[in-house]
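Enquirer: Sequence:
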Amino acid sequence: MENRKIRVAITHGDTNGIGYEVIFKTFADPAMLELCTPIIYGSPKVAAYHRNALGIQANFTIINSAEDAHQGKLNLLTTFEEEVKVELGSPSKEAGMASLKALDRAMEDYKKGLFDVLVTAPINKNNIQGDDFHFCGHTEYLEEKAGDGKQSLMILLNDIMRVALVTTHLQIKDVAQAITKENIIEKAKIFNGSLKRDFRISNPRIAVLALNPHAGDGGLLGTEEQEIIAPAVKELSEEGVYAFGPYAADGFFASGGYESFDGVLAMYHDQGLAPFKALDRGEGVNFTAGLSIVRTSPDHGTAYEIAGKNVADESSFREAVYLALDVFRHRAEYDEPLANPLPKLYHEKRDDSEKTRFNIPKAKSANNN
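Per my numbering, the sequence shown starts with residue -2, numbered consecutively.
A few of these clues could be false.
[What the hints assert, rightly or not] Simulated pairs of lysine to aspartate or glutamate, EDC-like, Cα-Cα distance not exceeding 16 Å: (1) Lys186 <-> Glu235; (2) Lys2 <-> Glu105; (3) Lys178 <-> Glu236.
[As the list claims (entries may be wrong)] Estimated spans, in silico, between C-beta atoms of each pair: (4) Glu80 <-> Asn56: 31 to 39 Å; (5) Val308 <-> Ile59: 23 to 31 Å; (6) Gln54 <-> Asp323: 54 to 62 Å.
Calculated directly from the structure, the hints in this document are not laboratory data.
All of these numbers come straight from a predicted model, not from anything done at the bench.
For every residue, glycine included, the Cβ atom is placed at its ideal position computed from N, Cα and C.
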C-alpha cells in the first residue's frame, strides 16, 4: 500500500457537458499518471463518443471494478451498461441520470475503501433531480451519503484566497433566517479545523463577513451584525479560533482585505463566490471540508455552450486533482503524530520498559546546583 499511487475516483458528471473533455485533457499529460491512479466512473460508450466528437487522442483502459485499476493508465470503470443518448450542449433528464449512476457507484466503492479521494466533474443540479437525488448539489449529497452525521462546509479556493460559506444553495429570501450564531460558530470551527488539517496552517486567521450592506451601519441597515455575527466572532475568539469581523463584504474585497487572512467566511453563496470568481484566473477549486471523504471539483459548471467544441480549459479540473492529492497527504501528515503518541515516543527512544514509562526521575530544579 505504501508504494501504491493515490487512487483518484472521478465521476464523469453531466454527459452533455464538458466533463469528459476536461478529464481527457488533464490526463493527456503523462506526468499526471505519475502522481496518481485515476479511475473515471462513467461509460465507455459515452467516453468514446466524446473522444470522437472532440477529435482528440484519449486512451483509457476499461475496468469493471476499482480493484482492477492499473497504475500508469487512465482507467474507466463501467458504471452502467445502458445506452445513453448524448446531446452535447443540451440539458436532458437522461444525462442527469447518467451522472447520478456514476455518483452512486462511487459512493458504494468509497464505503468499501476502493479509492482514496474523489474529484467530481460538473453536474446539472436540475436534471439530476429525482426520487434518489433531492439535493441542491454535490456538497449536500455527499454530506448525507458520506457524512456520518457530520456537517460539510463548501470552500472555494485558488492561489490568492479561500472562501467558505455559512449557507450554500439557499434562495436569497431564506438566507437571513439561516444566519444564526450557532450556524456561524459551527461553520467557522469546521473551517478552522480544515485549515489546520487539510491545508497545514498552524494558527489560521479567519475573516467573517457581515450580512447587510455596510455591516448594518450601526443597526440602520440591519441588526444581524450586532445581535448575531459579532457575538459569534467573540465566542469563537474566546474558544481559541482566530476569527475577526464582521467586515462589510464590498469594502473587504475591494481593499484586498482577503490578503491578510488564511480564510474568509461568507454568509451566503454569491456574497463569497461572486468576488472569488471575479478575482479568479480560471484555476479555482471547490472543496468539501468537514467530511472524512476528500472531495474536490472544478469551480465551473457543465458549460453547455462550449460542449463538444474542444475549447474547454482544463486548468480548474487539473487543480482539483492536485488539491485532492495534497489534502490526502496533509491529513496523513497531520494525523500520524496523533496516533498513539506515547508508545511512538518511547519506541523512538528504543525502550518500552515499565521503568522508562513510569519511573522517570524528576528533573533537577535550577536551584539544585
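Enquirer: Each of the hints needs a verdict: does it hold here or not?
Expert: For each hint, the structure was consulted:
The hinted pair formed by Lys186 and Glu235 meets the criterion: a straight-line CA distance of about 12 Å does not exceed 16 Å. Using a Cα cut-off of 16 Å, the hinted pair Lys2 and Glu105 is violated, with the two alpha carbons roughly 21 Å apart. Pair hint Lys178 plus Glu236 holds up; C-alpha atoms about 14 Å apart against a cutoff of 16 Å. Between Glu80 and Asn56 the Cβ separation comes to about 23 Å, which falls outside the hinted range of 31 to 39 Å.
A hinted range of 23 to 31 Å for the beta carbons of Val308 and Ile59 is consistent with their spacing of about 27 Å. At about 28 Å, the CB distance of Gln54 to Asp323 disagrees with the hint of 54 to 62 Å.
Against the hints set out earlier in the document, violations occur for numbers 2, 4 and 6.
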